[in-house]
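Colleague: In order, the protein sequences belong to chains A and B.
Per our numbering, the very first residue in the first sequence carries number 4; after that it's consecutive.
Per our numbering, the very first residue in the second sequence carries number 92; after that it's consecutive.
For the record, the hints were derived by calculation from the structure and aren't laboratory data.
Glycine is no exception: its CB is placed at the ideal position from the N, C-alpha and C atoms.
There may be inaccurate statements among the hints.
Claimed, not checked - Label-pair ranges, simulated between beta-carbon atoms:
| # | chain 1 | residue 1 | chain 2 | residue 2 | range |
| --- | --- | --- | --- | --- | --- |
| 1 | A | 102 | B | 259 | 22 to 30 Å |
| 2 | A | 31 | B | 150 | 18 to 26 Å |
| 3 | A | 29 | B | 108 | 41 to 49 Å |
| 4 | A | 102 | B | 108 | 40 to 48 Å |
| 5 | A | 109 | B | 239 | 54 to 62 Å |
| 6 | A | 132 | B | 267 | 18 to 26 Å |
| 7 | A | 65 | B | 222 | 30 to 38 Å |
| 8 | A | 102 | B | 232 | 47 to 55 Å |
| 9 | B | 103 | A | 114 | 54 to 62 Å |
| 10 | A | 124 | B | 222 | 52 to 60 Å |
| 11 | B | 259 | A | 59 | 54 to 62 Å |
To be verified - Covered stretches of chain A, as calculated for chain B (at least 3 residues, CB under 8 Å):
| # | segment |
| --- | --- |
| 12 | 38 to 46 |
| 13 | 96 to 102 |
| 14 | 123 to 130 |
Said to hold, decoys possible - Covered, in the sense of this in silico footprint (three residues per stretch, anywhere, with C-beta under 8 Å from a C-beta of chain A), are these stretches of chain B:
| # | segment |
| --- | --- |
| 15 | 141 to 147 |
| 16 | 224 to 235 |
| 17 | 261 to 269 |
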Amino acid sequence: MSGHDDEWEFDDAAPGDEHAGGSGFGAIQVYLLGFLLAIGLTVASFWIAGSSAVWGPGIPAALLALAVAQMGVHLVFFLHITSGPENTNNTLALAFGVLIVLVVVVGSVWIMAHLNHNLMTMDQMKAMQR
Amino acid sequence: MSKGPTPSDVAAAYIQHGPYRVGYNAHGHGYPEARGHGAGGQAPRRVIVGYGFWIFLLSDIVMFSGFFAAYAVLVHATAGGPTGRELFDLKRVAIETACLLASSFTCGLGYVAATRKRQLETQFWMLATGLLGLVFVILEVLEFYEMIVAGAGPDRSAFLSAFFALVGCHGLHVSIGGLWLATMMAQIWLKGFRPGIMRRLLCFNLFWHALDIIWVALFTIVYLLGAGA
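Isolated chain B (complex conformation) (with noise of 0.2 Å):
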């Protein structure tokens, strides 16, 4: 048996002393504060985590991007069905954008509340968010009925494809969104506010605020744009 320094050893030596040492450059030159910028270590994980969730967002709002390039370019294309100036309902969407914008509102309400460990002040502000986007859904799969009982289903033309599937995909990420909010309360509701629960809240919200900025360029574009001018 040898008695020298096993190479492990000498591998935890180089990590602790070595030029390359969390919290130092390759000079050595120490910046033990700085994170994020080549030297110090990598970043809290809420950092790393929320970083991460932008990422994801952002891969979906491209795919929404193609979707609304998909209805911008089939937009005429009616096949002598309607038009979205005869379909659509202007009162209905601003309820629905009203009841979206302020569920977007309390949902960081209920993130402050959270943040100060105030447990019925999350759970109030939550469920405020959730019952808006809940309405938000009922609201537009009447308006979804409506159209396909009226014969103006995504079968009847170009363009009321390309309209079922953008607004049905935003749809479907707000009722997706429902159930991970649903989750979310349970979650804190067992099991309070834990740093890894709070990094999940934390995507949550970046999760529900994205859906409302899809839905701006939504409500102009589709609706607005199709119905007014």
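So that you can see chain A by itself, here it is in the shape it has in the complex (with noise of 0.2 Å):
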């Protein structure tokens, strides 16, 4: 063990240490605030489900715009990972992370889709160009 174990003055921060330029607020102020905004996001996403004020088609455009937003909250208020530069290492890992999250999730639906119209039986095709 070197002397220098867990110090915090250094350049890298580790994911979930807060921001050691300090952002003007406590460490307690930044989860409350993270804590507030995820609670209006997720009342929003449960609101808009069970309403008519969005129009119908638009909804689940709308509902994964509020879940990638509150999973940016909690990235930034819960996680503490920033763009800033003691956060590089952090956050290319996370980019790297979320490519391959969309490569299987977009991938796998759009391959399967092919799929199911390529292997179509003649019936459920003719019930498709009616």
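The task is to assemble the complex, starting from two chains supplied on their own in separate frames and drawing on the hints.
Modeller: Next up, the structure:
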């Protein structure tokens, strides 16, 4: 073990570390702000899903946008992943993770939709053309 | 016996005075304060541990994306059985969501209290986190039980297999997280706020917050899109 274990004043930040530069907010205030934002986004999601205030076909897009926004809130306010230079490694790893997730999910849905379409039986094909 | 420097002496002198000595780059320029940028030696342990655990969490999220992809592909493959619209109870999901979100918040407060070395406050917030997580798991088990009793178990259709796999995997993560939480509480109580325990607590916090992020994707894609839209 070297002498400089677990000191704070270095370049890189562990994910979950508070921003060394200080955002002007205390640690608890950051969690509180994130909590309030997350509550607002969650309530909005549940409200939109059950209401007729939003144009029907637009609801899935609205729900996905709210979910992405809430994940962003969690990342910034709870996990303290920021765009600052001390977080470069964490952000790059996150970006790679997001890339793989998108490839897996979008790729699977895309390929399986094509397979479904191309492997349709004659009856289904006729039913679609009607 | 020779009296010249032994090979290990040469190596030691090189490490202390050579161009690659700790704190200096290949050209002998010193940046003793720079860490993690190719000069200045390795980062502090909490940064290395936190980063490694962050990589694990991202790979865990990649694994979840496989379950999400399977669910998205199979969501309409109900084989004549019940659909999500008939099965999902959004009131219960809202309570589950509130529990998990609140537990993420109390978990953060517990970590702040731990960095300030306040034993009772830390234990209180971690206990609150654990109880909220327990309510979440109980509600989820109840939901699974009711569905299986009603004949909508994982063997009913491909849709339900994918549903139980995805939601069950998340519930399993929360349950294991609860065991980890209890272990951390005992360690902090008995051993205090040692650096090693604080690193573990940092990892636990990351784990718990990541579970909440996965739950956001889950309640949106599975429950809200399945029951409402």
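Colleague: Using the C-beta atoms of residue 132 (chain A) and residue 267 (chain B), is the stated range 18 to 26 Å upheld?
Modeller: Distance hint for residue 132 (chain A), residue 267 (chain B) is violated at roughly 51 Å.
Colleague: Can you tell me if the segment 38 to 46 of chain A counts as covered by chain B, using C-beta to C-beta distances under 8 Å and a minimum of three residues?
Modeller: It holds: at least three residues are needed, and the segment 38 to 46 of chain A offers 4 whose Cβ sits within less than 8 Å of chain B.
Colleague: Range hint 22 to 30 Å: satisfied by the CB atoms of residue 102 (chain A) and residue 259 (chain B)?
Modeller: holds (27 Å)
Colleague: Looking only at beta-carbon atoms, does the pair residue 124 (chain A), residue 222 (chain B) fall within the given range of 52 to 60 Å?
Modeller: holds (53 Å)
Colleague: Tell me whether the statement that chain A covers the segment 224 to 235 of chain B is true, taking a Cβ distance below 8 Å and needing three residues at minimum.
Modeller: violated (count 0)
Colleague: Using the C-beta atoms of residue 109 (chain A) and residue 239 (chain B), is the stated range 54 to 62 Å upheld?
Modeller: Violated, since residue 109 (chain A) and residue 239 (chain B) (Cβ atoms, about 32 Å apart) do not stay within the stated range.
Colleague: Under a C-beta cut-off of less than 8 Å, do 3 or more residues of the segment 123 to 130 of chain A approach chain B closely enough to confirm the stated coverage?
Modeller: With 0 residues closer than 8 Å to chain B, the segment 123 to 130 of chain A misses the three-residue bar; violated.
Colleague: Does the beta carbon distance between residue 259 (chain B) and residue 59 (chain A) stay inside 54 to 62 Å, or does it fall outside?
Modeller: At 31 Å between Cβs, range violated.
Colleague: Determine whether the Cβ-Cβ distance between residue 102 (chain A) and residue 108 (chain B) falls within the hinted range of 40 to 48 Å.
Modeller: For residue 102 (chain A) and residue 108 (chain B) the Cβ distance comes to about 44 Å; the hint holds.
Colleague: Mind taking a look at whether chain A covers the segment 141 to 147 of chain B? Criterion is 3 or more residues with CB to CB distance under 8 Å.
Modeller: Holds, because 5 residues of the segment 141 to 147 of chain B bring their Cβ atoms closer than 8 Å to Cβ atoms of chain A.
Colleague: Is the gap between the beta carbons of residue 31 (chain A) and residue 150 (chain B) within 18 to 26 Å?
Modeller: violated (31 Å)
Colleague: That 54 to 62 Å hint for residue 103 (chain B) and residue 114 (chain A) (C-beta), does it hold up?
Modeller: Holds - the Cβ-Cβ distance for residue 103 (chain B) and residue 114 (chain A), about 58 Å, lies within 54 to 62 Å.
Against the hints set out earlier in the document, violations occur for numbers 2, 5, 6, 8, 11, 14, 16, 17.
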